[in-house]
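> Sequence:
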Amino acid sequence: EGGELFQKVMDLPLKYRTVTALYYFEDMSTGEIAEILRVKENLVRTWLYRARKLLQESLSRGGAYGEPEVGQTFKNS
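Following this note's numbering, the numbering of the sequence shown begins with 2 at its first residue and continues without gaps.
Just so you know, the hints here were simulated from the structure itself, not pulled from any lab data. Bear in mind the structure is a predicted one, so any value in this text is a computation, not a measurement. Among the clues, some could well be false.
[Claimed, not checked] List of simulated lysine-lysine pairs, DSSO-like, C-alpha gap at most 30 Å:
1) K41 x K54
2) K54 x K9
3) K16 x K54
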């Protein structure tokens, strides 16, 4: 299941994929990400929120166009 989640993160639009990877996989703070990307911290938070929503929708569908799989969830950290 971890591999599936990683693949779904990699399928996100670039800005969402970037902030998600830095936040969850590199354990960076939203402030650090904002500094690196030269954007406001609130924008990083917005992109993370939208990325989580897209991931939730994708996982609940069981994929881009598939049927939902039983017990599939995505927890916000």
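> Does K54 lie within 30 Å of K41 when you go C-alpha to C-alpha?
Answer holds: K41 to K54 is near 20 Å, not above 30 Å.
> Check the hint pairing K54 with K9 against an upper bound of 30 Å on the C-alpha distance.
Within the cut-off at roughly 12 Å; holds.
> Just to be careful, I want the Cα atoms of K16 and K54 compared with a cutoff of 30 Å; is the pair within it?
holds, 14 Å
Checked against the numbered hints given earlier, this structure breaks none of them.
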